[in-house]
Amino acid sequence: MNSPSPAHIKSSSRPRGLLSPIGFLGWAGFILVIIIGAFICSGLGTFKTPYDSILRLWLKPFIPGLAAGTDETVGYIVLHVRLARICLALLVGGALALAGAVYQGVLLNPLADPFTLGISTGAAFGASVAILFGAGVGHFMGISALPGAAFLGALFALYAVYLLGSVEGRINLVTIVLAGIIVSTFLSAMISLLKSLNEESVSTIVFWIMGSLSGKSWTHVLLVLPYIAAGAIFILCFTRELDLLSLGDVQAQQLGVNVQRVRFRLLLAASLITAAAVAVSGIIGFVGLVIPHLVRLALGPGHRRLIPAAMAAGGFLVLVSDTIARTILPGGAEIPVGVVTAIIGGPFFCFLLLRRKQILRLR
Amino acid sequence: MLPAPAQKTDTSPALAVSELSCGYAQTEVLKRISFTVQKGEFVAILGPNGAGKSTLVLALSGVIPLKGGRIEILGREIGRLSLKERARRIAVLTQDSEMRFPFSCREVVAMARYPHGGRWQMEAAGDREAVERALRLTDTQVIADRLIAEVSGGERQRALMAKSLAQETPILVLDEAVSGMDVHRKLQLFGVLDRLNREENLTVLAVLHDINLAALFCRRMIFLKDGVIVADGETDDTLTPSILENVYRTRVMVQEIDSIPGKKQVIFLP
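Line by line, the protein sequences give chains A and B. So the first sequence is residues 9 to 371, counted in our numbering. So the second sequence is residues 31 to 300, counted in our numbering.
Okay, chain A solo, but in the shape it has when bound:
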């Protein structure tokens, strides 16, 4: 009868289909943007590396002999310092955005992310305790214990937030974020205390609480890669369930989803991923909060596309932020990467909030 105008229908239709031609081009574009971004970022820094050498060094594994004649120092910087750091930035950013998307989907809370729920701080606390008791970087066994300790800390924080944030066994939308902030504030004070007792300088503490990828190597990449990859694959098996959870518990159950079990497993997986990321980078905020919302606005809320796209976008944001963090000060000094993500993410989130309040459905 009174059908809406075609323009109206079009306004809310979205690109759909993972394997449609547009979808495929979209994914290829995503990967291309990340590779080009990584290439540009690897040429920036105090130590000048010409782009043609970088290209040759990157292509060395595919075309042997191409890198002959490049300076050895340049080779070391490009392949062992910067490329490792770029990979770690992509990995950490992807992990945080993925965890944020899962927390938002599982708790049906647009404000949920590893940082606001206190999971990141819990993981950092666990890692700090492990480092204090001698599991510092340098010992092989110590290195492998670090993500485990961070995971325990993350679980502890998750449990505490869950206890504080649920009213009569049900998770309350507002109180869980308040609980996250309380737990987060308390634990970051504890981290500062631990670090001070360990006679570390204030700047080290700041770099841990605000996040930093300074001085990280391939060891760190290999350290967290298995955890993040395993968690991501696990979560990708549950994208349909994540969609159905947004119908509410009762309807999801009536459609055959084991709501309690799925929720529990996804929270564990997201916390493991967060813990792995935090164990090497410290606490980087805003990535897990902003990126899923951005991707949801662009691609819609379906998790089959949201999850991989959020990982790519999160990795890209941390890559850019980390490059800014290590190049913005003259003379090779760095600022914490969390400062950059907050400076980029904060105002951007405010903008989203003001313009698209209805889409974000913050009430």
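Just so you know, these hints were derived from the structure itself, not from any lab. Treat the hints loosely; a few may be bogus.
Some chain B residues near chain A, calculated using beta-carbon distances under 10 Å [as the list claims (entries may be wrong)]:
(1) P132
(2) Y144
(3) K193
Ranges of calculated distance between the beta carbons of each label pair, as one might list FRET restraints [unchecked claim]:
(4) A237/A with P78/B: 52 to 58 Å
(5) Q125/B with F272/A: 24 to 30 Å
(6) R312/A with V222/B: 26 to 32 Å
(7) E128/B with R312/A: 20 to 26 Å
(8) F55/A with E128/B: 37 to 43 Å
(9) E58/B with P355/A: 54 to 60 Å
(10) R269/A with T280/B: 41 to 47 Å
(11) E58/B with L171/A: 25 to 31 Å
(12) L337/A with Q171/B: 45 to 51 Å
(13) E128/B with G354/A: 50 to 56 Å
(14) L230/A with E58/B: 37 to 43 Å
(15) L40/A with V213/B: 55 to 61 Å
(16) P78/B with S174/A: 31 to 37 Å
Note that the structure is a prediction, hence the values are computed from the model and not measured. Idealized CB from N, CA, C, for every residue including glycine.
Got chain A sorted already, so can you dock chain B onto it with the hints?
This is chain B only, laid out in the frame that chain A set:
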């Protein structure tokens, strides 16, 4: 005691509820109720607020555990069905639904295909057909690509009806599913259910407040009050002043409709 596989040819009833007790932490809402619904029946569940109607729906769909008794769906005990198997046998359409994320109506309808798919299965051809058919039946194609949070209450309810139909179950349970709709839409949707019931043998169990809507479409009525069944029988036999006055504690008048032979309507008197 071999579990009988539910096949189209077997004679087990759609629903067999015996001595069912259930409720929440301390309170027992349903008290040892028993009834059987054969395949292809169109049954109304009626009763005042707090009678246990919604609790019955939750128990039938496996959302709350039973405290006693048993429920069989198409010959299989509910506890012995996997969650997906259960969701392939019985679909529930509830009244309220709040979507947190900006899904389109079509995406929400497509969610009902979940129990038909395996973990790795992407969208299959059968899925798309079921979704399109459900959209067509409920007259919701025009709103299919709009966000479910942005359509009107009645439109949202129709989209959710489409979702339940897309689930393609032999049994459909409605829990106050048409309360927010205008008269035209109510009659239209019940017309669709009536057709599916007659042509495809869909078993319909409708929890309703609107007794006159039930009187028009449902061939059998079950009256619940204080957690027990106070009347159960064909609409003709149960739609009597004595039963209705007992259930609703209100004076009533039951009238035949002249233009539709065999149908009655109820007028509640002040």
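Against the structure, the hints:
no. : hint                           : in the structure
1   : P132                           : holds, 6 Å
2   : Y144                           : holds, 5 Å
3   : K193                           : holds, 9 Å
4   : A237/A with P78/B: 52 to 58 Å  : holds, 57 Å
5   : Q125/B with F272/A: 24 to 30 Å : holds, 28 Å
6   : R312/A with V222/B: 26 to 32 Å : holds, 31 Å
7   : E128/B with R312/A: 20 to 26 Å : holds, 22 Å
8   : F55/A with E128/B: 37 to 43 Å  : violated, 55 Å
9   : E58/B with P355/A: 54 to 60 Å  : holds, 56 Å
10  : R269/A with T280/B: 41 to 47 Å : holds, 46 Å
11  : E58/B with L171/A: 25 to 31 Å  : holds, 30 Å
12  : L337/A with Q171/B: 45 to 51 Å : violated, 58 Å
13  : E128/B with G354/A: 50 to 56 Å : violated, 29 Å
14  : L230/A with E58/B: 37 to 43 Å  : violated, 58 Å
15  : L40/A with V213/B: 55 to 61 Å  : holds, 56 Å
16  : P78/B with S174/A: 31 to 37 Å  : holds, 33 Å
Comparing the model with each numbered hint stated earlier shows that hints 8, 12, 13, 14 do not hold.
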